[in-house]
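Protein chains in written order, with full-length UniProt numbering: chain A, 1 to 403; chain B, 1 to 403.
No lab work stands behind these hints: they were computed from the structure.
No residue lacks a Cβ here, since even glycine has one placed at the ideal position from N, Cα and C.
Each hint should be verified, as a subset may be incorrect.
Just so you have them, the derived chain A footprint on chain B, three or more residues with Cβ under 8 Å [said to hold, decoys possible]:
| id | segment |
| --- | --- |
| 1 | 56 to 70 |
| 2 | 161 to 173 |
| 3 | 378 to 384 |
Here are the simulated BS3-like pairs of lysine-lysine, each with C-alpha atoms no more than 30 Å apart in a straight line [unchecked claim]:
| id | chain 1 | residue 1 | chain 2 | residue 2 |
| --- | --- | --- | --- | --- |
| 4 | A | Lys-271 | B | Lys-46 |
| 5 | A | Lys-46 | B | Lys-46 |
| 6 | B | Lys-46 | A | Lys-278 |
| 7 | B | Lys-150 | A | Lys-46 |
| 8 | B | Lys-150 | A | Lys-150 |
Listed below, chain by chain, are the residues.
2 protein chains.
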Amino acid sequence: MIPVEEARARILAALSPVGVETVALSESLGRVLAQPVTARRLQPPKDLSAMDGYALRFEDIGTLPVTLSVIAEVPAGGSFEETVPAGACVRIFTGGPLPDGTDTIVIQENTDADEAAGTVTILEGSPEGRHVRRAGLDFAPGDILVDTGKRLGARDIGLAAAGNVPWVTVYRKPRVAILSTGDEIALPGDPIGPNQIVSSNGPALAAAVTAAGGVPTLMPIAPDDAESLQALARNAAGHDLLLTTGGASVGKHDLVGSALAETGLELDFWKIAMRPGKPLMFGSFAGMPMLGLPGNPVSALVCFLLFGRPALTRLAGASNTGVTFTPARLGSALPENDRREDYLRADLHRDESGHLIATPTQRQDSSMMSTLSQAGGLVRRLPHAPAAEAGATVDVLVFPDGF
Amino acid sequence: MIPVEEARARILAALSPVGVETVALSESLGRVLAQPVTARRLQPPKDLSAMDGYALRFEDIGTLPVTLSVIAEVPAGGSFEETVPAGACVRIFTGGPLPDGTDTIVIQENTDADEAAGTVTILEGSPEGRHVRRAGLDFAPGDILVDTGKRLGARDIGLAAAGNVPWVTVYRKPRVAILSTGDEIALPGDPIGPNQIVSSNGPALAAAVTAAGGVPTLMPIAPDDAESLQALARNAAGHDLLLTTGGASVGKHDLVGSALAETGLELDFWKIAMRPGKPLMFGSFAGMPMLGLPGNPVSALVCFLLFGRPALTRLAGASNTGVTFTPARLGSALPENDRREDYLRADLHRDESGHLIATPTQRQDSSMMSTLSQAGGLVRRLPHAPAAEAGATVDVLVFPDGF
Chain A
1 MIPVEEARAR ILAALSPVGV ETVALSESLG RVLAQPVTAR RLQPPKDLSA
51 MDGYALRFED IGTLPVTLSV IAEVPAGGSF EETVPAGACV RIFTGGPLPD
101 GTDTIVIQEN TDADEAAGTV TILEGSPEGR HVRRAGLDFA PGDILVDTGK
151 RLGARDIGLA AAGNVPWVTV YRKPRVAILS TGDEIALPGD PIGPNQIVSS
201 NGPALAAAVT AAGGVPTLMP IAPDDAESLQ ALARNAAGHD LLLTTGGASV
251 GKHDLVGSAL AETGLELDFW KIAMRPGKPL MFGSFAGMPM LGLPGNPVSA
301 LVCFLLFGRP ALTRLAGASN TGVTFTPARL GSALPENDRR EDYLRADLHR
351 DESGHLIATP TQRQDSSMMS TLSQAGGLVR RLPHAPAAEA GATVDVLVFP
401 DGF
Chain B
1 MIPVEEARAR ILAALSPVGV ETVALSESLG RVLAQPVTAR RLQPPKDLSA
51 MDGYALRFED IGTLPVTLSV IAEVPAGGSF EETVPAGACV RIFTGGPLPD
101 GTDTIVIQEN TDADEAAGTV TILEGSPEGR HVRRAGLDFA PGDILVDTGK
151 RLGARDIGLA AAGNVPWVTV YRKPRVAILS TGDEIALPGD PIGPNQIVSS
201 NGPALAAAVT AAGGVPTLMP IAPDDAESLQ ALARNAAGHD LLLTTGGASV
251 GKHDLVGSAL AETGLELDFW KIAMRPGKPL MFGSFAGMPM LGLPGNPVSA
301 LVCFLLFGRP ALTRLAGASN TGVTFTPARL GSALPENDRR EDYLRADLHR
351 DESGHLIATP TQRQDSSMMS TLSQAGGLVR RLPHAPAAEA GATVDVLVFP
401 DGF
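The shape of chain A in the complex, shown without the other chains (with noise of 0.2 Å):
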C-alpha cells in the first residue's frame, strides 16, 4: 500500500497534457490556455473621462466660481479634434476621449449649467487630472492579459474580449472512456435481476468527468469474464484516459487487472493506504493510461475526486493540478486513526462568526451513496491522527461545483 500523496504523485507524473485546439472567445468557458491571451489594443486607447461633467483646463478653475464656454459636447465613442483653448471647456460623458488642451474634469454635480447661454459655471474645482483615465490604464498591447494553464472565465474571457482577441488556443477536452465492470450491475430503468443492483457509478463518474472538464465516453457494462472486458478495454483506444469501477479488490471475481494484463496492461501501482478505496490501480493499458477505481460507489467517486480529477487537471493541461483543503472545526470528537489514511464524509455550515464547522456523518459505509450526497465535503484524517476532540482543527476537502 503507497501513500494517497505518493499514488497522486506518480499518477500527475506519468500524465502531459492533450493537444490543442484553437476556439472562438465566445466557446471558450471552462476550457483551458494553452498559448497566453496578449493585448492587442492600447486600453483605454486615449486619456477618458471617467465621469459624466466637463472636460477643462485645470489652470482656468483657480479661483471659483468661474463661468467658462461650452464649445463641443464628447460622448463616449465621440470626439472632439480642436484644441481647447483658455476659458472655454466641452461637455464630456463617462467614456468619453478628453480633446487636446484639456486636463481635468469637473463633475456636473459640481456645476451650474445654462445652456441658452452656451456657458455653464464651475462651482466646486477638482484636483489636477482628477476623474481621467489615462491612456494604457488597464493594458498595453504585447501586456500578457490572461495565461497559459488558466481555465477561463467570465471574467478572463471580457479581459479578453477588452484586448480585442476573437479567438484563443487552448487544450482540447480530454476524452475519458468509463467501463464500470460486474455481473452485479445494471443501469437505471433497464431490467434487473433479484440479486443485481442499480450502478451509479458510470453515471455519477461520467457527470464528475463532464464536471471536470472531460468529455465522457460511458462504455457498455463489462461482464465479469476475461473477453468481454479485454474487448471493452481495447475499445477504448483513441481516449486520454480509461476509467474503470470495480473488480480491483482482491477476491478472485476481481478480474480487471488478470484480464487486461493479457492485453497490454502495465500496472504501476494498484493498493493505497486509504480509507475509502484501498484498491485503487493505476498503470496503462496499450499506451493509454488507467486509473481503476474501486467498484463502491462512494469509494469510486471519492477516488476520483483525489486521483481522478487531477489527472484530468493535468491531462487538460490546467497548472492547479493539487487538491486543496480548508481548514475548518470538527463538528464532534473523532478516534485515533490507523494507517490508512481516511477522509470522511461530513456536513459543512459556518457559525455565527463565520467559522467552517465539519461534523462528520454518523456511519461511513462506503456502499451509502446518500451521506455522499448530502455531504458539503470530506474531512482527512492523516494516518495514526490521535483522537480529535469536537472544535479542533481538521483539513477539510471543499466539495467542488459539479460534484
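Position chain B against the provided structure of chain A, taking the given hints into account.
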C-alpha cells in the same frame, strides 16, 4: 439610491421559476430539480457482505480455530438459494447476498482455506453481524433521495441512478437576452474606430450567464438611438430576463431608460448605493424582467454577480438564491467608507495556518478588467464602515467557478 440588500430582495421578489422539462439523468448535470427524486429500490436490496470472506453462523465460531465446510461461492450479483446448515459456510465476495442461515462475515485474511478438502479454518472471529450491510441501509422505496431546488452534481446523479431513476424533471434553463448599448463599442476582431473600445460586456456576460446555468442570447450591439434600442429590446421577446449594459447613468446619452419607457418599460428602481455600479436599473419590459447593468465592464460583472446571478438562480428554481460571504483577514489597511456599499477587488490567498487573507487591489477603477480577472474575490465594505487595520476580519465574496 436604495441599499444593496433591498435591491436584491426586490429583484428576487419580482421573479419566479421558469417552466419545467424532463431530461435523461445522464443529461442532468447542473440542472435544478423541479420534482424530488424518490427511490424506487431498497438499497441494498438484501443483507450483503461488505467484504471478501466467508458468510457463516455466528454460533459456529464460539471456539477457535474451527474448520467449516465451504458449500458454495457467492459473488456480487450471484446468490445461494439454500439454507446454510450448522458447521458449513459459503465463500462470499463484497456485494454478495448473505444466504439464509448465515449472519456474520469473517474476512478472508482471518482464515486458512483448504480448497482440495473444500474447507476453511477460521483463525480469528468476528462479532455477530460484522461486515454485513443490512437491506435498506442506504435507502428504501419512496425515500426522497434528492430534493426539489437542488442543482444536481455527480454525487446526486449517482444517488438517483442507484435509486433506479433514469429520468428527472428539472426547470428548463432560463433564457437571457444580453443587450450591450453604446456607439463607442465594437466586438473583438470587428472594425473599430479611433475612439471606440472593444466590447467586453457582451462576451463576458454571456459566459457568466452560461456558468450560472442560463442560456444567453447575445444580441447585436445597439447604437445610441432610441429606435434601434426599441427594436432590439422587442427582439428579446420570449426570454426570461433582459440584461442590458450601459446607458443607465444620468447623462444625456444614457438612453436605455428613456427609449424603453416609450415601449413598455416599467421601472422598479434605477440607482443603488454601491460601488462599483451606482446606476443599476431593474424593472420589466413588456412583461419580461429587465436588469440594466452599468456600462463599465467591472461594474457590469460585479453587478451581475450581486444581482444577475441571484436572479438567474431564482428563475432556475434553485433554493440557494442568496449571496454567500466568507470571513477573511485584511492583507492591508482600508480607510473608512462613505455611504455607498463598496466591493473591492482583492487577491485571496491562505497563510501558513490556513487563514484566508484578502488584499484589496491598489487601484479600484471600474474600467480595469485586468485587476478583475486577476482577483480572487471581492471585499465587501458596508456603508460608513470605519477604517480597518490589516488583519481585521472582513466579508469576502469568493468568485464562483466560471465567473
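Going through the hints against the structure:
Counting residues of the segment 56 to 70 of chain B whose C-beta sits closer than 8 Å to any C-beta of chain A gives 0, which falls short of three, so the coverage hint is violated. Judged by the Cβ-Cβ criterion of 8 Å, the segment 161 to 173 of chain B is covered by chain A as claimed, because 7 of its residues qualify and three suffice. Residues of the segment 378 to 384 of chain B lying with their CB closer than 8 Å to a CB of chain A number 0, which falls below the three-residue condition for coverage. A C-alpha spacing of about 29 Å is found between A/Lys-271 and B/Lys-46, which places the hinted pair at or below 30 Å, so the restraint holds.
Straight-line distance between C-alpha atoms of A/Lys-46 and B/Lys-46 comes to about 74 Å, which puts the hinted pair past the 30 Å bound. In summary, the hint linking B/Lys-46 to A/Lys-278 is supported, as the alpha carbons are separated by about 24 Å, within the 30 Å threshold. Distance restraint check for B/Lys-150 and A/Lys-46: the Cα-Cα separation of roughly 48 Å exceeds the 30 Å cut-off, and the hinted pair is therefore not satisfied. Pair hint B/Lys-150 plus A/Lys-150 holds up; C-alpha atoms about 29 Å apart against a cutoff of 30 Å.
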